[in-house]
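Participant: Produce the complete structure using the sequences and hints provided.
Protein chains in written order, with the working numbering: chain R, 1 to 177; chain X, 1001 to 1381.
One or more of the hints may lead you astray.
Claimed, not checked - Residues from chain X that face chain R, not an exhaustive set, calculated with beta carbons under 10 Å:
id	residue
1	Gly-1061
2	His-1065
3	Ala-1066
4	Leu-1143
5	Met-1236
Stated by the list, open to error - Cross-link-like lysine-lysine pairs, in silico, DSS-like; alpha carbons within 30 Å at most:
id	chain 1	residue 1	chain 2	residue 2
6	X	Lys-1198	X	Lys-1170
7	R	Lys-48	X	Lys-1195
8	R	Lys-18	X	Lys-1045
9	R	Lys-18	X	Lys-1040
10	R	Lys-18	X	Lys-1198
11	R	Lys-117	R	Lys-94
Claimed, not checked - Derived CB-CB ranges, DEER-like:
id	chain 1	residue 1	chain 2	residue 2	range
12	X	Glu-1197	R	Lys-66	27 to 33 Å
13	R	Ser-76	X	Met-1155	34 to 40 Å
14	X	Gly-1162	R	Thr-28	29 to 35 Å
Hints in this document: simulated from the structure, not taken from any laboratory. No residue lacks a Cβ here, since even glycine has one placed at the ideal position from N, Cα and C.
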Amino acid sequence: MERVYTKGKNTKAMELIKPEIGLIFWMTVSFLAVLFILGKFAWPVILKSLREREESIANALNSAQKAKEEMAALKSDNEKLIMQARAERDALLKEARDTKDAIIAESKNKAQAEANKIMAAARESINNEKNAAINELKNQVAAMSIEIAEKILRHELANDDKQKTLMDGLMKDINLN
Amino acid sequence: MAQRTQNAGLMKLKLIGLILCLFAGTSVFAEGEAEAGAEKFDAGKTIVEHISDSHDWHILGKEPHAVSVPLPIIVYNKERGLSMFMSSRFEHGHKAYAGYVLRENKIEAVNELEEIPAEQATVSEELTAATYDISITKNVFSLLVSIVIMLWMFMSVAKSYGRRQGQAPKGMQSLIEPLVVFVRDEIAKPSIGKKYEKYMPYLLTVFFFIWINNLLGLIPIIPGGANVTGNIAVTMTLAIITFLITTFSANKNYWQHVFAMPGVPVGVLVLLTPIEILGVVLRPFVLMIRLFANITAGHIIALSFFSLIFIFGEMSTGLGFGVSVLSVAFVVFMSMLELLVAFLQAFVFTLLSAIYFGAAIEEHHHDHEHGDAHVEEALLI
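Facilitator: In structure tokens:
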């Protein structure tokens, strides 16, 4: 069947929704080619690098977190150490104070005791001295008394009468017994 | 979710626009034919020409004195074999060359092999039916450019990843990386699950392919401005690839859900199974239509605003200049919206593909999850 070429009627708008075989052909070929090339050379590289970078970032974040935690732990350790040191210092100071007090108290006590001892010794020696003095005094008084009595006796018994009278008196006492 | 519903609304608006434009185009054409000879500006024709594929890249001017970049014609005919020549040989459809004429941007085989004016050539239906046109058309050219851009971009980025191991991204890397991470973390991982890595190359390629081509379509100068992702052949190819991957990676569980949904009484299965089977085919179909309609509608709206300038300009030159200010303002606004749509449609296509892959490889199905997936799908359509 043949027909003469004529200027066609308007079917162009409808042509819009009729797929052209030539374009389908080129589209299929070129899209599959680009899919193959990019799928082989570009996407795996890009996706792999992205994944690796994401992993490394995640790792970095993790280790930063860990470092932070370690720092916090260190800090709390330090604080604990400082607290311990402070407590130790306080304890030491307290101990020293106690020791000092104890030493002072002890020396006070010792001094007191010593003083007491000395006092006691002094008192004893004073007593002894006093007693000795008293004894000596007593002895002297006794000796003096004897001397005086001797002198008095000597004086009283100087004559016979007086001797006789005494004798009588003594005799009387014996009789009574 | 809110964002998706909004997108669905936008999509509806665009579909209405598209349908209106198609009708408007036809009616304006009818008028144009009625008063043949009078060189009136035909908005419908201009717009459809701009969003259609063509065998040469029109830059400026009108038919007899048009300036356009010729593109290679590659035709295979079962009887004549492969022919290759530049589209300039056709002289914009006025000449027959090597046994072919260009009629309404379609290549048709003619009986005469010598160079004669197109009007004298006789079209052979049998030969035309045996002719396969695989020319580097405007869309193919733009497609190839986009692919060169993609290859250059991602190969260089892959190289810089190799070179700058463990370092922060730089230059192009910083542009690509958030998008790659976005596709991986927001699309692939939640939709597919643990086995997402197998599908990453396809999802990334399809995402960037659609996005880059959408953006190229927004650039008005060569090699941009073609309507690659708004061409049904392109979106069909992408949808078919998604469909094939879904079908070939589908496990027993998936087919069981299609043919005999577990826990559903036989009476309901009679109804449900045809719907599920229809759904299997409908999903890629909707993928194809959504991308096509969204991008084409965007182009149509921008071109419609520009057409307003010339429609009013024909009434009076001053009016044309006046309207141009408004038109340009609207086109700027629409282009901003289209920048968003370019990303959104790439995202939606990739996300839905990922959801289909996820459904195909899902091992154990929870009923509530199943319900959620369907709700999401419904919203996206």
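Participant: Decide, hint by hint, whether the structure agrees.
Facilitator: Now the hints, each set against the structure:
| no. | hint | verdict |
| --- | --- | --- |
| 1 | Gly-1061 | violated, 19 Å |
| 2 | His-1065 | violated, 19 Å |
| 3 | Ala-1066 | violated, 16 Å |
| 4 | Leu-1143 | holds, 6 Å |
| 5 | Met-1236 | holds, 5 Å |
| 6 | Lys-1198(X) - Lys-1170(X) | holds, 27 Å |
| 7 | Lys-48(R) - Lys-1195(X) | holds, 16 Å |
| 8 | Lys-18(R) - Lys-1045(X) | holds, 17 Å |
| 9 | Lys-18(R) - Lys-1040(X) | holds, 28 Å |
| 10 | Lys-18(R) - Lys-1198(X) | violated, 33 Å |
| 11 | Lys-117(R) - Lys-94(R) | violated, 33 Å |
| 12 | Glu-1197(X) - Lys-66(R): 27 to 33 Å | holds, 30 Å |
| 13 | Ser-76(R) - Met-1155(X): 34 to 40 Å | violated, 54 Å |
| 14 | Gly-1162(X) - Thr-28(R): 29 to 35 Å | holds, 30 Å |
Hint compliance for this structure: hints 1, 2, 3, 10, 11, 13 are not met, and every other hint is.
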